[in-house]
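Participant: Below, each chain spelled out in residue letters.
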Amino acid sequence: MKNQWIHIFSGTVKVKLTGKGIERFLNQLTRNGVSIWNVKKHGSEAVTFYVDLQDVNKLRIPARENHCKIRFLERAGGPFFLKKLWTNSGFLAGAVLFFALILLLSNMVWGIEINGASPATEHQIRKQLDKMGIGVGKMQFSIDSVESIQKELTDQVGALTWIGVELKGTTYHFQAVEKSEPEKVEANSPRHLVAKKKAAIVKIFVEKGDPVVEVNELVKPGQLLVSGVYGSEKKQKLVAATGEILGETWYSTEVELPLKSTFQVFNGNEKRTYSLKIAGKSIVLWGFGKTEFKEYETEVFEQPVKFFKWELPVKIEKTTIREREQATRIYTREEAINSAKELARSDIKNNLPENAIIKGEKILHQSIENGKVRLIIHFTIIEDIAEGQPIIQGD
Amino acid sequence: MAKKWGLYVRKWLTQKMDLPQDVMMDLPRITMIGQVHIYIENHRGLLAFSDGEVRLMIRGGQLSIKGQAFVIKTILPEEIVLEGKIEQVLYINDGKGGGVT
Numbered sequence: 001m002k003n004q005w006i007h008i009f010s011g012t013v014k015v016k017l018t019g020k021g022i023e024r025f026l027n028q029l030t031r032n033g034v035s036i037w038n039v040k041k042h043g044s045e046a047v048t049f050y051v052d053l054q055d056v057n058k059l060r061i062p063a064r065e066n067h068c069k070i071r072f073l074e075r076a077g078g079p080f081f082l083k084k085l086w087t088n089s090g091f092l093a094g095a096v097l098f099f100a101l102i103l104l105l106s107n108m109v110w111g112i113e114i115n116g117a118s119p120a121t122e123h124q125i126r127k128q129l130d131k132m133g134i135g136v137g138k139m140q141f142s143i144d145s146v147e148s149i150q151k152e153l154t155d156q157v158g159a160l161t162w163i164g165v166e167l168k169g170t171t172y173h174f175q176a177v178e179k180s181e182p183e184k185v186e187a188n189s190p191r192h193l194v195a196k197k198k199a200a201i202v203k204i205f206v207e208k209g210d211p212v213v214e215v216n217e218l219v220k221p222g223q224l225l226v227s228g229v230y231g232s233e234k235k236q237k238l239v240a241a242t243g244e245i246l247g248e249t250w251y252s253t254e255v256e257l258p259l260k261s262t263f264q265v266f267n268g269n270e271k272r273t274y275s276l277k278i279a280g281k282s283i284v285l286w287g288f289g290k291t292e293f294k295e296y297e298t299e300v301f302e303q304p305v306k307f308f309k310w311e312l313p314v315k316i317e318k319t320t321i322r323e324r325e326q327a328t329r330i331y332t333r334e335e336a337i338n339s340a341k342e343l344a345r346s347d348i349k350n351n352l353p354e355n356a357i358i359k360g361e362k363i364l365h366q367s368i369e370n371g372k373v374r375l376i377i378h379f380t381i382i383e384d385i386a387e388g389q390p391i392i393q394g395d
Numbered sequence: 001m002a003k004k005w006g007l008y009v010r011k012w013l014t015q016k017m018d019l020p021q022d023v024m025m026d027l028p029r030i031t032m033i034g035q036v037h038i039y040i041e042n043h044r045g046l047l048a049f050s051d052g053e054v055r056l057m058i059r060g061g062q063l064s065i066k067g068q069a070f071v072i073k074t075i076l077p078e079e080i081v082l083e084g085k086i087e088q089v090l091y092i093n094d095g096k097g098g099g100v101t
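So the protein sequences, as listed, match chains P and E.
Residue numbering for the first sequence is 1 to 395, as defined by the working numbering.
Residue numbering for the second sequence is 1 to 101, as defined by the working numbering.
Check before you lean on any hint, since a few could be wrong.
In silico DSS-like links for lysine-lysine, alpha-carbon gap of 27 Å or less [what the hints assert, rightly or not]:
hint: 1; chain 1: P; residue 1: K14; chain 2: E; residue 2: K16
hint: 2; chain 1: P; residue 1: K14; chain 2: P; residue 2: K58
hint: 3; chain 1: P; residue 1: K168; chain 2: P; residue 2: K151
hint: 4; chain 1: P; residue 1: K58; chain 2: P; residue 2: K69
hint: 5; chain 1: P; residue 1: K40; chain 2: E; residue 2: K66
hint: 6; chain 1: P; residue 1: K151; chain 2: P; residue 2: K179
hint: 7; chain 1: P; residue 1: K84; chain 2: P; residue 2: K20
hint: 8; chain 1: P; residue 1: K168; chain 2: P; residue 2: K341
hint: 9; chain 1: P; residue 1: K318; chain 2: P; residue 2: K127
hint: 10; chain 1: E; residue 1: K11; chain 2: P; residue 2: K40
hint: 11; chain 1: P; residue 1: K16; chain 2: E; residue 2: K85
hint: 12; chain 1: P; residue 1: K20; chain 2: E; residue 2: K85
hint: 13; chain 1: P; residue 1: K372; chain 2: P; residue 2: K260
hint: 14; chain 1: P; residue 1: K16; chain 2: E; residue 2: K66
hint: 15; chain 1: P; residue 1: K362; chain 2: P; residue 2: K198
hint: 16; chain 1: P; residue 1: K151; chain 2: P; residue 2: K197
hint: 17; chain 1: E; residue 1: K66; chain 2: P; residue 2: K20
hint: 18; chain 1: P; residue 1: K315; chain 2: P; residue 2: K341
hint: 19; chain 1: P; residue 1: K220; chain 2: P; residue 2: K20
hint: 20; chain 1: P; residue 1: K69; chain 2: E; residue 2: K4
hint: 21; chain 1: P; residue 1: K14; chain 2: E; residue 2: K73
hint: 22; chain 1: E; residue 1: K73; chain 2: P; residue 2: K40
hint: 23; chain 1: P; residue 1: K58; chain 2: P; residue 2: K16
hint: 24; chain 1: P; residue 1: K16; chain 2: P; residue 2: K168
hint: 25; chain 1: E; residue 1: K73; chain 2: P; residue 2: K58
hint: 26; chain 1: P; residue 1: K138; chain 2: P; residue 2: K260
hint: 27; chain 1: P; residue 1: K281; chain 2: P; residue 2: K318
hint: 28; chain 1: E; residue 1: K4; chain 2: E; residue 2: K16
hint: 29; chain 1: P; residue 1: K208; chain 2: P; residue 2: K235
hint: 30; chain 1: P; residue 1: K281; chain 2: P; residue 2: K271
hint: 31; chain 1: P; residue 1: K362; chain 2: P; residue 2: K260
hint: 32; chain 1: E; residue 1: K73; chain 2: P; residue 2: K16
hint: 33; chain 1: P; residue 1: K208; chain 2: P; residue 2: K196
hint: 34; chain 1: P; residue 1: K20; chain 2: E; residue 2: K73
hint: 35; chain 1: E; residue 1: K4; chain 2: P; residue 2: K14
Read the hints as simulated data drawn from the structure, not as lab findings.
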């Protein structure tokens, strides 16, 4: 028997034949090379059989010769199926539309969940997400990768130490860890206040304890400032000395700054292409043409297309090509000195507590050599120099 | 007479050379699978076909297959596949020209 599948594709017809010369008709057909199958007799003068659609025309002449009548009963297979499909194309369109809709909805953001954040921080996070274009109903293709969301959130929301970003299906899960300032431990145990660094005392404000030093006195690191031993000789009382001792401290910073510097910058020109990636091959959807940038950097971001929770082997590839330029910055002498000073200032502020004040600055040394400005600046700073030192009773 | 001589030569050759008889002698090859299927190769055409009986022309006579609910699964110029409940397979000799049974 021949392979039935071929018949199914080319189409088959069920034929009913009535007449007397059925056997002769069948013999003639087989001799003509027409393949027929499932021949069944119905009564004495009727027979049904199946024949290939393309052989239907070959039935006519033998039938006439043998005085038989042909009736077609059923039509099945490829061409008929397609015809049926065409008449019912509404269903097909519906099915396609349905899949397209599911595909679309599977790639949308349907929820944002934030855990571990206080209401205030959560509000901030949501605001930031809105700014970044992440919200319910947005397409996932238009959203940056999870890593960059994480980075941007930690950068922009000050109250966050760390945030875990996870995309589960259509929901973004955020696991926030807030900065929790350690609570200030009340100094209960008896202690002295000693100097942290070499300084000239400017102001003394003592809450508890017995000040030992005076304004304008020069102190060395470790020198006792406020004693925790309080009271007269006989009635000594140990307290935890607290207070603020502002001292003038001195720092000198050396800054070096080249007059001429070149660096790479993006000049803002960029080109985006979107392409569909199927089995390693990309089909460009948007953004045709070659890049005309001389120097550029490419950033590729791949987003898999999802169907319900499954990832299809199809990816949307977003390529951003940014033009790069070499910028040269040339300082004049004065500009160089100014920015060197600025640099030194920000440098020193980084090393000091927040409440420290820069009282004065003095350029000690200034030279321009080999295209570089070199400055040594002396800063006068007023800061709190007190530091607790527990009193250990030896006896 | 010459035809008969040829027949004898062929018969002798097939016996001596151990060749399949259906190829050399132009005889039908009938394969049956239980009562369900019957394959007949080397037939010469359909003589009669009904639910209960199929008659085929073969070399030197007719072949009658009796049974119930016959359906011709495939029919080709020299091959036929029959499905149904097969009860009898009968050779009907013409009496003339045959002689090989």
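Participant: Are any of the numbered hints broken by this structure? If so, which, sorted upward?
Facilitator: 1, 7, 8, 10, 16, 18, 19, 20, 24, 26, 35
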